[in-house]
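S.K.: What follows is each chain in one-letter form.
4 protein chains.
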Amino acid sequence: MKAGILGSTGYTGAELVRILIQHPEVELAFVDSRSYEHQPFEAVYSNLKGQAEMTAVSVDPENLPEKVDIVFCALPHRISQHKVILLQRQGIRVVDLSADFRLDQQSVYEQWYNTPHEAPELLEKAVYGLPEWYAEELKETRLAANPGCFPTSILLPLLPLLKENLVTGEHLVIDSKTGVSGAGRGPSAVNVFSQVNENVRAYGIGTHRHTPEIEQELSKAAGKSVTLQFTPHLVPMDRGILSTIVMPLPEGLTERKLQDCYQAYYDHKPFIRLLGTDTLPETKAVRGSNFCDIAWKADRRSGNLILVSVIDNLIKGSSGEAVQNMNLMLGLPEEMGLHHLPIWP
Amino acid sequence: MKAGILGSTGYTGAELVRILIQHPEVELAFVDSRSYEHQPFEAVYSNLKGQAEMTAVSVDPENLPEKVDIVFCALPHRISQHKVILLQRQGIRVVDLSADFRLDQQSVYEQWYNTPHEAPELLEKAVYGLPEWYAEELKETRLAANPGCFPTSILLPLLPLLKENLVTGEHLVIDSKTGVSGAGRGPSAVNVFSQVNENVRAYGIGTHRHTPEIEQELSKAAGKSVTLQFTPHLVPMDRGILSTIVMPLPEGLTERKLQDCYQAYYDHKPFIRLLGTDTLPETKAVRGSNFCDIAWKADRRSGNLILVSVIDNLIKGSSGEAVQNMNLMLGLPEEMGLHHLPIWP
Amino acid sequence: MKAGILGSTGYTGAELVRILIQHPEVELAFVDSRSYEHQPFEAVYSNLKGQAEMTAVSVDPENLPEKVDIVFCALPHRISQHKVILLQRQGIRVVDLSADFRLDQQSVYEQWYNTPHEAPELLEKAVYGLPEWYAEELKETRLAANPGCFPTSILLPLLPLLKENLVTGEHLVIDSKTGVSGAGRGPSAVNVFSQVNENVRAYGIGTHRHTPEIEQELSKAAGKSVTLQFTPHLVPMDRGILSTIVMPLPEGLTERKLQDCYQAYYDHKPFIRLLGTDTLPETKAVRGSNFCDIAWKADRRSGNLILVSVIDNLIKGSSGEAVQNMNLMLGLPEEMGLHHLPIWP
Amino acid sequence: MKAGILGSTGYTGAELVRILIQHPEVELAFVDSRSYEHQPFEAVYSNLKGQAEMTAVSVDPENLPEKVDIVFCALPHRISQHKVILLQRQGIRVVDLSADFRLDQQSVYEQWYNTPHEAPELLEKAVYGLPEWYAEELKETRLAANPGCFPTSILLPLLPLLKENLVTGEHLVIDSKTGVSGAGRGPSAVNVFSQVNENVRAYGIGTHRHTPEIEQELSKAAGKSVTLQFTPHLVPMDRGILSTIVMPLPEGLTERKLQDCYQAYYDHKPFIRLLGTDTLPETKAVRGSNFCDIAWKADRRSGNLILVSVIDNLIKGSSGEAVQNMNLMLGLPEEMGLHHLPIWP
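Residue numbers (the working numbering), protein chains in the order written: chain A, 1 to 345; chain B, 346 to 690; chain C, 691 to 1035; chain D, 1036 to 1380.
Derived by calculation from the structure, the hints in this document are not laboratory data. Since this is a predicted model, take the numbers as computed values, not measurements. Where hints are given, some of them may not hold.
Just the calculated beta-carbon pair ranges, DEER-fashion [to be verified]:
| id | chain 1 | residue 1 | chain 2 | residue 2 | range |
| --- | --- | --- | --- | --- | --- |
| 1 | C | Arg768 | A | Glu27 | 44 to 54 Å |
| 2 | B | His383 | C | Thr897 | 49 to 59 Å |
| 3 | C | Ile775 | A | Gly276 | 42 to 52 Å |
| 4 | B | Ala388 | C | Gly876 | 18 to 28 Å |
| 5 | D | Pro1151 | B | Gln604 | 39 to 49 Å |
Which chain B residues stay away from chain C? Per the calculated CB distances, all over 12 Å, these [as the list claims (entries may be wrong)]:
| id | residue |
| --- | --- |
| 6 | Met399 |
| 7 | Ala464 |
| 8 | Asn542 |
Some chain A residues flagged as far from chain B (calculated, every beta-carbon gap over 12 Å) [claimed, not checked]:
| id | residue |
| --- | --- |
| 9 | Gln51 |
| 10 | Val57 |
| 11 | Leu64 |
| 12 | Ile79 |
| 13 | Arg93 |
| 14 | Asp104 |
| 15 | Gln105 |
| 16 | Glu132 |
| 17 | Lys163 |
| 18 | Ala221 |
| 19 | Thr254 |
| 20 | Gln263 |
| 21 | Glu282 |
| 22 | Asn304 |
| 23 | Glu335 |
Positions of the beta carbon are idealized from the N, C-alpha and C atoms, including for glycine.
Assemble the whole structure, with the sequences as input and the hints as a guide.
M.R.: This is the structure we're talking about:
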């Protein structure tokens, strides 16, 4: 089978390249890039020297250079829409890594992203690409909307508890910490070394665009509207997201019941690792892999439940998850080509 | 005037040395260290080469090598108690940087620190050394209990709001991020470079020993018992604490009212910098200084109030605050010798 | 085929575990550790949670828990000798990652390592495990002495030039920069985060123990005694070595001739990537992989030749190279199980 | 006395601001910036919030907003020339931090900087602003050309040895490692966090523009032409330069003789700290200060002499040195306003 990548030279595009050139069943048909057209891919990503002997091409979605089974769109939101529309018209499967097809409601998209949506009819067809929750739907769809990195780290620990009504979804406070690669590859005042190094800061308090997709998925699981406080922070490291999630601990909810709930949902899932109550997650333990590690703590003294999760933002939070979605869409084993283990240190 | 330091070769001790050798009115009389006895101080701290030409001595508190006006105890908790008792018997002023005299109630100390308190009678005399709140008491006392680093970063933004009953103190969720120097200078599995670098993790969820002193001071300000959820995180940097504090936003509490409240309490305080609602604090902007930067955000959508504060954990969170306490205790201007500006980057 | 590891919980031991559990032809029979005996391996290395379901055992080399085809010794020098002797007596193949069998001459070992050698007769049998240079000998030997990390990064660029007499070996100045993992996993004053972070320093000037093995191999290639100046530096990162090698540029030696020489030796080698004169190596481009990237520059103005090389010190500089040696010793394809690609960033 | 700064919002400009607002004798008259005109300085540099209550202005050098005793030019080379010419015509003292007036010969400047020099007549008048070597000349001049950061770190350890003919100046190999702030504040592919973090690389081999000024000053001291090999490296830290300098060790040159030489030149110099042969410099020990730490090692085995020096590239390598020059030019004590001590960690 064959796959193509639109927008291959950003960080998520390059991770797709790295993962796919090692995938046993899917071959990489083309790597698109406007900025690096005609350049060998390895001239842009020296880590892949000698391993990704392809030349970047500028691809017209209506006239793909090669017949492919699936296309990954690793483009900015708004730009992605137009490409996806053209690909869908040809019946080509798409995993879209932008935010353009994650929200069910056009109005919510337009409000948070401050831009019109050009293909509202596709919003219905798109499946939210969280493979642990929508595997069956993903096997049938031709359009997967890959979740945001923060949402992945937040939804995986929270969804089972809301689905089972173990918690109410009220007073939900989420504090996430991310490495800098989430801000993308382009140089800016935000990601310059001397700005980030030896520094921690919060940003986008109450306004981060990942908020509505988290609330949408939590609300669906809870069967009622869920609102949350989400505060992202930038920490001086390349990769990784750690999310700390606090909410009131309902009477009678024990750590044992939490464990049972998590095991029922995740014991057979290849990329979820349940750490329980004794070990706390750390981002380094998942770096370079598709794992999500989850821990929980019932603090009787304060009457709160605390969940902690970690992922690699560029893999489980983006390109790894996208390949996991592709596997499901193409009828391949979910975990195929995603067995990379984290290195330590 | 003259000061001595017990435990001068840990990070907080060395910061005391650095600050005091530049202090215009106070002379450093002795630097105590058991581990480095007879060694020149600059052999331990090469940054001070040629600037701190003192030799570390092992000091008997009952027989100080020189008459001093004040002694700093920069020793671990439990060990500190014994020295402080002996110094207080001689009527010598003490700023204690350990946790031994921060808690009003012996039982709370013994429960959280799991060790008996040997001088409960001193708990009453000790003043909690948060200079922005206890300046008058500090001018009169002979024993200042220097706050913990996290508590300093959390109390400064929260106290005015509770004191003025602008918020209730319920559903208080605090998420702090600290640099590694807070774990001390001694090598351990926790502070080895390759464990910390490219890594973020939570620790001590619901059990961190700074919790009771935060709750004690908040409860005093609120006039009722306040319980909170405190989750500290370790991030890969040397210095700095950023605390993110979330609570329900009461009806009618506007950002303007918050500003008025903060200005009333802090406008004349030399080390508090109010950033308001437009700028978010970052730890690098206070590194190496005694500043605490505070920002706030009323999020009407979610119905929460979010406060963010930053300090340098070794200065405003420890040794700088200790010198500020000393200044008050000795009748000197509060800010004397503490004018170091942060470098950037 | 089966392999065992003595000393599996140091960084190099754990890298062997990570590589071998993914190796298609070699199964891991036991992981030895005295400090972590009876503990699940994943309790020590959380990155491998769910992936390395083995329990650490304390192994007696005279009574291995299972019949194996090869044993890796990832133990400190001097301790390693004794184990290797016992294993060799049983005819078991060994890749020794310590320095104990790298030097041909007992006296040189004893002088630089300041300890007696207990098995001088094995020095003759041992093959220096630089697979690009001793592939044929490695296929025949039962004892491979895995090179040091610095020597690997220095010998690979230098050996072809000395072997072909393109340079004289005189006035050889080598300046290496290493990440902290090279100092091992045990906490010490040297590898504590706050010592290493935001810091660069030189160490062991003129006395580093990797010096004699570099000189030994260069001298063999040159057919005469080569002496060099080697200065290692510690930089704030986990992994990676960059070596900068400067020597006088002989008359008539062009960059083209250098390219021809390197291609003749390395074009068919799976882990050497020749960057030539236009691209300069960076450690991040090889992190997590078994690659060695090499560049060269003929500076006519100053009359010097400059070589630059990078490796991942724990992989090509240690455990990856050890598996490469194992592959050769067991008759497997040299690159088997070593195809991990570096992630970026 | 009063000083102005042209180009105040780059890193070196901002360091000048920070140092000068604390200077006891010199007042800051204006801070010029084209990009940030009309903005409060503290809006650009949040570390100085509340401390630098000035507004950036766009200054016409022919019509300064206030009468000043001295102007610092912290502008890029080529742009600086024009401003300096206009200021010099008015007889105003200038410390120029660019490269425009460092080289004695116009042709050398034009060759290395690939741009014409507009004021060759000023090259003669300009004094190379290395205060430890040109204090007398600096007291008389109206134009100081502040040295580059690498040159400062290299000249201070080398000059005494060449001046005293202790070494020949042949086979001089210099390997420098710098933090990222040396690349300036503007975002670029070179200084983005994820490019620099966990990475080391060499750059500009044989072509770095600091080469000619190093060779010029060494040649003057040696009384003959000196050529060297200079290789700069970028390491993942904000600040600091460490230079490792290797050359053949002449017969009979002992570490004791080196010590005598260094003491004769530097014992009375306030910012040079001689570490001798037992302690090796580290960049962290000088960060935030105007110190230069120097060590040396005579390696009899290999027949080489190794010097190691460290500075803070933005202070002793730039703005601190510039203020030291200003002090000399204004008849103030050389060290005035430069007593900031490095913090640790």
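S.K.: Run every hint past the structure and note whether it holds.
M.R.: Here is what the structure says about each hint:
The beta-carbon spacing between Arg768 of chain C and Glu27 of chain A, approximately 51 Å, falls within the hinted interval of 44 to 54 Å. Under the hint 49 to 59 Å, the C-beta atoms of His383 of chain B and Thr897 of chain C, about 27 Å apart, miss the expected range. Hint check: Ile775 of chain C to Gly276 of chain A, Cβ distance near 44 Å, so the stated range 42 to 52 Å holds. Ala388 of chain B and Gly876 of chain C have their C-beta atoms about 24 Å apart, which keeps the hinted 18 to 28 Å range intact.
Distance hint for Pro1151 of chain D and Gln604 of chain B: a CB-CB separation of about 55 Å, inconsistent with the stated range 39 to 49 Å. Separation of Met399 of chain B from chain C is adequate, the least Cβ-Cβ distance of about 21 Å exceeding the 12 Å criterion. Residue placement check: Ala464 of chain B keeps its beta carbon more than 12 Å from all beta carbons of chain C (closest about 33 Å). With 12 Å as the threshold on Cβ separation, the claim that Asn542 of chain B sits away from chain C is violated: the shortest Cβ distance comes to roughly 6 Å.
Every beta carbon of chain B lies more than 12 Å from that of Gln51 of chain A, the smallest distance being close to 23 Å; the non-interface claim holds. The claim that Val57 of chain A lies off the interface holds: its Cβ sits roughly 34 Å from the closest Cβ of chain B, which is beyond the 12 Å cut-off. Leu64 of chain A, annotated as away from the interface, keeps every beta carbon of chain B farther than 12 Å; the closest lies near 38 Å. At roughly 28 Å from the closest C-beta of chain B, the C-beta of Ile79 of chain A stays outside 12 Å, upholding its exclusion from the interface.
For Arg93 of chain A, the requirement that its beta carbon stay farther than 12 Å from each beta carbon of chain B is met, with the minimum near 35 Å. Here Asp104 of chain A stays apart from chain B, with its beta-carbon at least about 19 Å from theirs, past the 12 Å limit. Residue placement check: Gln105 of chain A keeps its beta carbon more than 12 Å from all beta carbons of chain B (closest about 16 Å). In this structure Glu132 of chain A is separated from chain B by more than 12 Å, as the shortest Cβ-Cβ distance comes to about 23 Å.
Even its closest Cβ contact with chain B, about 22 Å, leaves Lys163 of chain A beyond 12 Å, as expected for a residue assigned away from the interface. Residue placement check: Ala221 of chain A keeps its beta carbon more than 12 Å from all beta carbons of chain B (closest about 19 Å). Residue placement check: Thr254 of chain A keeps its beta carbon more than 12 Å from all beta carbons of chain B (closest about 15 Å). No Cβ of chain B approaches the Cβ of Gln263 of chain A within 12 Å, the least distance being about 21 Å, so the stated non-interface status holds.
Listed as a non-interface residue, Glu282 of chain A fails to keep its Cβ farther than 12 Å from every Cβ of chain B; the least gap is roughly 4 Å. With a cut of 12 Å on Cβ distances, Asn304 of chain A falls inside the contact zone with chain B, its closest approach being about 5 Å. With a minimum CB-CB distance of about 25 Å to chain B, Glu335 of chain A clears the 12 Å threshold, and the non-interface call stands.
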